[in-house]
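Chains as they are written, first to last, in the numbering used here: chain A, 321 to 619; chain B, 99 to 564.
Possibly wrong hints are sitting among the right ones.
Straight-line C-alpha distance at most 25 angstroms; calculated SDA-like pairs for lysine to any residue [said to hold, decoys possible]:
1) B/K338 with A/A583
2) B/K338 with A/V552
3) B/K316 with A/L486
4) B/K271 with B/P515
5) B/K338 with A/K418
6) B/K338 with A/Y596
7) B/K323 with B/R294
8) B/K433 with A/V441
9) B/K316 with A/L590
10) B/K316 with A/V593
11) B/K338 with A/D436
12) A/K418 with A/S613
13) B/K338 with A/V465
14) B/K433 with A/R439
15) B/K338 with A/A594
16) B/K338 with A/A597
17) B/K338 with A/V602
18) B/K299 with A/N323
19) B/K326 with B/A354
20) B/K455 with B/A485
21) B/K433 with A/Q445
22) B/K338 with A/S589
Honestly, the hints are just simulated from the structure, not real lab data.
Now for the letters of each chain:
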Amino acid sequence: MSNAIIPLLLDSLASAALIFFAAVGLTLVFSVLRVLNVAHGSLYSIGGYAAASACLFIASRQLNSYLSFAALLFSAVFVAAIFGPLIERSLVRWTYGKSEAVQILITFGLFLILEDLQRLVFGVQSLYEDAPMRLLGTSSIGGVVYLNYQILLVGMAVLVVVGLRLLINHTRLGRLITAVVTDREMAQSIGIDTNRIFVLAFSLGVFLAALGGALSTPTSGIAPGLGADTMVLAFAVAAIGGLGQIEGAAVASLIVGLARVLAIYLAPSLDAVAPYAAMLVVLLIRPYGLFGSVTARRI
Amino acid sequence: MAFKNISLAFARCLSSLQPRFRLNWELPRANLRVVVDGLAGALAICVVAATPVAAQDKPGSVGLGIFTFTSGPAAAYGMPGKNAADLMIDEINAKGGIGGVPVTATFVDEAQGAQGVIAEYRRLAGDAKNQVMVAALSSATCLALAPIAEQLEVPTVGWNCDTHQLLMDGKSKYVFRPNGNTVPEFIAYAIYLLDRKPDVKTVAIINPDYAFGHDAAKIFTAALKALKPDVEIVAELYPKLGSPNYQTEISRLTTARPDVVFSNLWGADLENFVRQATPRALFTSSQVVLALGETVLQRVPLPDGVIVGVLGDGWWMSPDAKVNPETVKFAEAYKSRFGEYPVFPSIKMANALIYVKAAYEGAMQKNGGKWPTRAELAAAMKGSKVATLTGITQTRADNDGLVDQIVGVTMKTSAQPFPVIGDMVRYKGDSLMPQAGQDPLAWISTLKPEFAKSLPKPGSYKIGER
Chain A
321 MSNAIIPLLL DSLASAALIF FAAVGLTLVF SVLRVLNVAH GSLYSIGGYA
371 AASACLFIAS RQLNSYLSFA ALLFSAVFVA AIFGPLIERS LVRWTYGKSE
421 AVQILITFGL FLILEDLQRL VFGVQSLYED APMRLLGTSS IGGVVYLNYQ
471 ILLVGMAVLV VVGLRLLINH TRLGRLITAV VTDREMAQSI GIDTNRIFVL
521 AFSLGVFLAA LGGALSTPTS GIAPGLGADT MVLAFAVAAI GGLGQIEGAA
571 VASLIVGLAR VLAIYLAPSL DAVAPYAAML VVLLIRPYGL FGSVTARRI
Chain B
99 MAFKNISLAF ARCLSSLQPR FRLNWELPRA NLRVVVDGLA GALAICVVAA
149 TPVAAQDKPG SVGLGIFTFT SGPAAAYGMP GKNAADLMID EINAKGGIGG
199 VPVTATFVDE AQGAQGVIAE YRRLAGDAKN QVMVAALSSA TCLALAPIAE
249 QLEVPTVGWN CDTHQLLMDG KSKYVFRPNG NTVPEFIAYA IYLLDRKPDV
299 KTVAIINPDY AFGHDAAKIF TAALKALKPD VEIVAELYPK LGSPNYQTEI
349 SRLTTARPDV VFSNLWGADL ENFVRQATPR ALFTSSQVVL ALGETVLQRV
399 PLPDGVIVGV LGDGWWMSPD AKVNPETVKF AEAYKSRFGE YPVFPSIKMA
449 NALIYVKAAY EGAMQKNGGK WPTRAELAAA MKGSKVATLT GITQTRADND
499 GLVDQIVGVT MKTSAQPFPV IGDMVRYKGD SLMPQAGQDP LAWISTLKPE
549 FAKSLPKPGS YKIGER
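Chain B extracted, bound-state conformation (with noise of 0.2 angstroms):
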């Protein structure tokens, strides 16, 4: 014990070095940087590494840092993830925590950028309490972690960390993601609008100008190309992230008279579109495809027969989270709790923090009830096959999920006093990732109109026909 605490007081004494010195010595900034960066991170790599002799002894509390947006546009959709986390973690420790220890949870705001995130990163990591981390959101943040926690090696799960960049090259040890990436959850737009409205031949696209908008344009419009080799592409829009007004890109939209017209706006830009484009009938003039419009049901009232989905299985009324019993109450103590149903972003926190409890008594299992290193931790997530809310998430030997995508259209029900997705598919994971380590383009343009064929068709999901 004596040791742990030896190793945790010099692990934040390190993590406060850095701070001093960026305030204090102004002109040799760049160089100092360096060296302060190289000796803090060898130096932490030395207190993580001699710590888990000594963390075999079961902590006081599970530590987690836990990365999402709660401030500014793009909280609209990290608080959901927050909110689910501070439930889910609730409702762990009302069931005696993990293995018996409680859960307690470091939130950190994803807004403060890339540097600010690095450096809570770090401060994290130092404390041996905090053995992982969820993180982050954004495709952006997850890419700057990826290193440090390779370096550092700390066990991280990306919750969200959409860009398949992430794991491309499959050498990643430490790094996770329980959830699809953007190859399946694209190709899963393109095939389903193709069976939904097989003559299209125009489409328009706006997405966020950063690399989660960029990268989902390139493989819609790959996987399009592929499947339907006419279609043309009329306009690509990419606003720049959190713009309030979205009314040039609407008119813009419009005289190009697309069939379709497909967004991944999220969060409070894709609110403000929707309502700033509803008035003005694009909805009516084209079929318009919005990959993560479920996050915006509850919230606007979108028309009938938009094309939405979850980006992974993550609908807390899918048919298979419908008979579910966990995911009903965790559903219903959410509404109570937050005043709305969880949206996608909620439930992929959920499941990323089923997948860590998930590996903490896998690992105890393996290594005879001790409490797990961080080595061990990330040996139990490698290759595993979870049971989350919403269906089930296997972890390949490159660390990347497999989880199935569902994609449908809205529309109305006496159930619910907002949209719900109709005519759904539960595309299977697998069915639409390359093998790890091929490029997914390459992939794509592989793709022929018969491997579409092959697939599940809309309105094939229901319940009791899986």
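Next comes chain A alone, as it looks inside the complex (with noise of 0.2 angstroms):
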């Protein structure tokens, strides 16, 4: 079992990479919207259809391989541009203030709308297009080969933490958005535009969940599906993390990643129950996630 550290170690980051992509729209949508989205898988593999179908055109022209990287980026873009504003304008916004359940419903029944509305559009047979992960090739570390790609993905997920963590922090829409979210109604009153707010930042989520399908797409292809197991694993991560806590998703998903990975490694009858396994040990420790706080309920 010592051969198989390095490489234990190694596909623990590598899923936990995958992991983050999946949860981090989610969390972030709730931290400013307060808005569950249980539709959030289903934009999640919505990015990974645009990705796909993307690569699959650059091929089909025969355009140089090295715009699928751009692709999957732009796809993202895509769809967040698209999805967002409608999705946000049209059914999220009613549901704020209101209550969990009414959220719960309406994001639902969105979910299985776009889950058909895929089936619809590109059929039910999975779409691949792995020109991305070729190009990249691979390299054996610890006697295992693994994809650069691979490498590449626990890169794109540190920079995703920093990246988010500059723009709540250090900009002009990082410091509204915490506005808006510290206090809704003082945020308001001092002439933020909070409508904007959650148009931005709901894309904001939207991008992040289309960017995870659309990153992930190269080594695993898309089928239908996707998006409901995306959900289930988004929302473990979320609450292990704590709902909203950005960071707290980032340690969740190494969490979430090293007990599936240790479960495939020394007991795969549990792979499949592992993440909710570690989420059940976190909150019976910690019921608010590691990084979430108690908050007092308004009346």
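Both chains are given apart, each in its own frame, so use the hints to dock them into the complex.
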């Protein structure tokens, strides 16, 4: 087993990176809008479909393969630009201040619509385009061949954590978001256009979901049903980290990634339950998640 | 005719009862469902039992309920089956249908889960027009539908249904499987592997986490241990069905350093696994066995030397298939309609429909040309021997099928732009099956290396050598 320690750690990091991309958008949207977006998983898979379609287009036109990296990013921007404002203005805004049950019902309805929409547009067969993965090649580490793309994903996840921290703490938009998160009514009273902040924050959440889907496509492909699986995992990560906590999502992704990988290496039959067992343990010790805190409920 | 119409209307009313009760009566739901299910079942039996008297007249069309996956990751396996059904039904109808009656099909998506599939089965069975069900793809669906088929006395042909548990009690009257099952299918791989790689010491397994994956692992392992007791299983992984990502599993398999990696992943799962494992050198570090590998040959560039097969004899390019003009015609028609050649699930479906047609013809021959009842159809299936597109399917007394098993390795040829199967062997169906009623694992444990030596060798299955 000693020869498996390096692969085990590397696999945990690679797995955590993918899990983080699935969860970070969900937790960001919750932190600003206080809305649990059940349709988050669908936006993740739409990002995947958009990226796969763009990469397949590049391949079919025999364009420079390196354009597929740009395609991954721009497909996420495209999905966020279309779906972010559309969903927030048409559906999500009606749920602000409503009970969690209403939010979940509305976003669950949206999830069902988006899942069927994907089947209508992309069909039921899987889509693959692995040009970005092939272009980067492989490296042998600890006797195991890894895709350099997996290592790139770890770097991208770190970049997103740092980027979000910089955005929130060091930009005007970030300060406006912080103001709205801290006290929505006070922010409104001093002239902050909260509607605009909500649209921007929701679109940023959609972008992160779509980016996660897009970045996972070269290694995993995309098929119907991915949205539901992603959603459940994203909720587990958000719960472990503390709803609304970006650093919490990063640490929780590492915990879930490590739990899954340990299960596969040591007790494969526990693979499916490992993330949720980790969630159970964390919530028993800290009911508000690792980085969450008790908030007073306004009456 | 009037009685038939009344029966039909009554059956339709019954099938609409259940959802209504389910929707509206929330509190006493558990008790109510038992009552409603019981009443609906009992009354449906009365309707179905009464119907055959009138069903001797030829109907306007022969209805088939066809169960397969048309959505979700399993659709990668289920859709080729549906495509083949569409094509084969068109071909049958172009030749005048069955006994002059055109065939129509109602497709049911197995992705909706057991409860939905059972409700659909009951609804279709309530319509006397649907005399036969072609159900199903998933072993889990087949196991769920089998008792209902017996209860409603509807001939049900498992077009895929691999699990050996389906007909183990030997008491089935209405459920038939004109295919092999997990026992011959996975013993065949163990024998082929040992013939090709006799020095194998360590094996790792990666199968889907449900009955088919676990059963296959048990049978393959039991056969290996019986034929070569020093083989060690160094890793057993069962990822969830529909997993998109196998990177960690691939690392785990690599670190186990097995001589052989065995898998019966299928559908999109198999495509994903192959695409992810190929660049990570798993196919070069170990001998890989992909039990359902033929289904991805046209989609994924599998390297040479991977052991693959078709869980039966259903390969459209096998020596037997190549000399059968019907098969060649079917394969070309399939290619021109769907853009790729049929994979073995397509052939299994086509063969199942040929089996149904043969049952109708056999039953009508026996009863003097009259339109057969469901009971007469079931009787015609029992013990039948039917020539299919790729060989012969023989139905035993326990309704299980005897079908030859083809195994080989991937290789490139100039004839096709994708890998094909070479160095093939074709094991006789009955040589790898325990007797009816015999415990399969107990039977496998009695196998000796001499048994494997008595069977044909890799490379022995060629044109003109059967």
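Hints versus structure:
1. For the hint linking B/K338 to A/A583, the alpha-carbon distance of about 13 angstroms falls within 25 angstroms, and the restraint holds.
2. Restraint check for B/K338 and A/V552: the C-alpha separation of about 14 angstroms stays at or below 25 angstroms, so the hint holds.
3. For the given pair, B/K316 sits about 54 angstroms from A/L486 by alpha-carbon distance, which is inconsistent with the 25 angstroms threshold.
4. For the suggested pair B/K271 and B/P515, the alpha carbons sit about 45 angstroms apart, so the restraint of at most 25 angstroms is broken.
5. Simply put, B/K338 and A/K418 have alpha-carbon atoms about 36 angstroms apart, too far for the 25 angstroms limit, and the pair is violated.
6. Restraint check: the Cα-Cα separation between B/K338 and A/Y596 comes to about 15 angstroms, which is no more than 25 angstroms; the hinted pair holds.
7. The straight-line distance between the Cα atoms of B/K323 and B/R294 is roughly 16 angstroms, inside the 25 angstroms bound, and the hint therefore holds.
8. Distance check on the hinted pair: B/K433 and A/V441 sit about 23 angstroms apart at the alpha-carbon level, within 25 angstroms; holds.
9. Taking the CA atoms of B/K316 and A/L590, the gap is about 19 angstroms. The hint holds against a cut of 25 angstroms.
10. Restraint check for B/K316 and A/V593: satisfied, since their Cα atoms lie roughly 23 angstroms apart, inside the 25 angstroms limit.
11. With a C-alpha separation of about 23 angstroms, the suggested pair B/K338 and A/D436 falls inside the 25 angstroms cut-off, and the hint holds.
12. Taking the CA atoms of A/K418 and A/S613, the gap is near 21 angstroms; set against the 25 angstroms cutoff, the hint holds.
13. For the given pair, B/K338 sits about 24 angstroms from A/V465 by alpha-carbon distance, which is consistent with the 25 angstroms threshold.
14. With a C-alpha separation of about 24 angstroms, the suggested pairing of B/K433 with A/R439 holds against the 25 angstroms cut-off.
15. Straight-line distance between C-alpha atoms of B/K338 and A/A594 comes to about 13 angstroms, which keeps the hinted pair within the 25 angstroms bound.
16. A C-alpha spacing of about 16 angstroms is found between B/K338 and A/A597, which places the hinted pair at or below 25 angstroms, so the restraint holds.
17. A hinted pair counts as satisfied when its Cα atoms are at most 25 angstroms apart, and B/K338 with A/V602 qualifies at roughly 24 angstroms.
18. With a C-alpha separation of about 20 angstroms, the suggested pairing of B/K299 with A/N323 holds against the 25 angstroms cut-off.
19. About 20 angstroms separates the Cα atoms of B/K326 and B/A354, which keeps this hinted pair within 25 angstroms; it holds.
20. Between B/K455 and B/A485 the alpha-carbon distance is near 11 angstroms, which keeps this suggested pair within the 25 angstroms criterion.
21. Taking the CA atoms of B/K433 and A/Q445, the gap is near 17 angstroms; set against the 25 angstroms cutoff, the hint holds.
22. Under the criterion of a C-alpha separation no larger than 25 angstroms, the hint pairing B/K338 with A/S589 is consistent with the structure, at around 10 angstroms.
The structure does not agree with the numbered hints 3, 4 and 5 stated previously, though it agrees with the rest.
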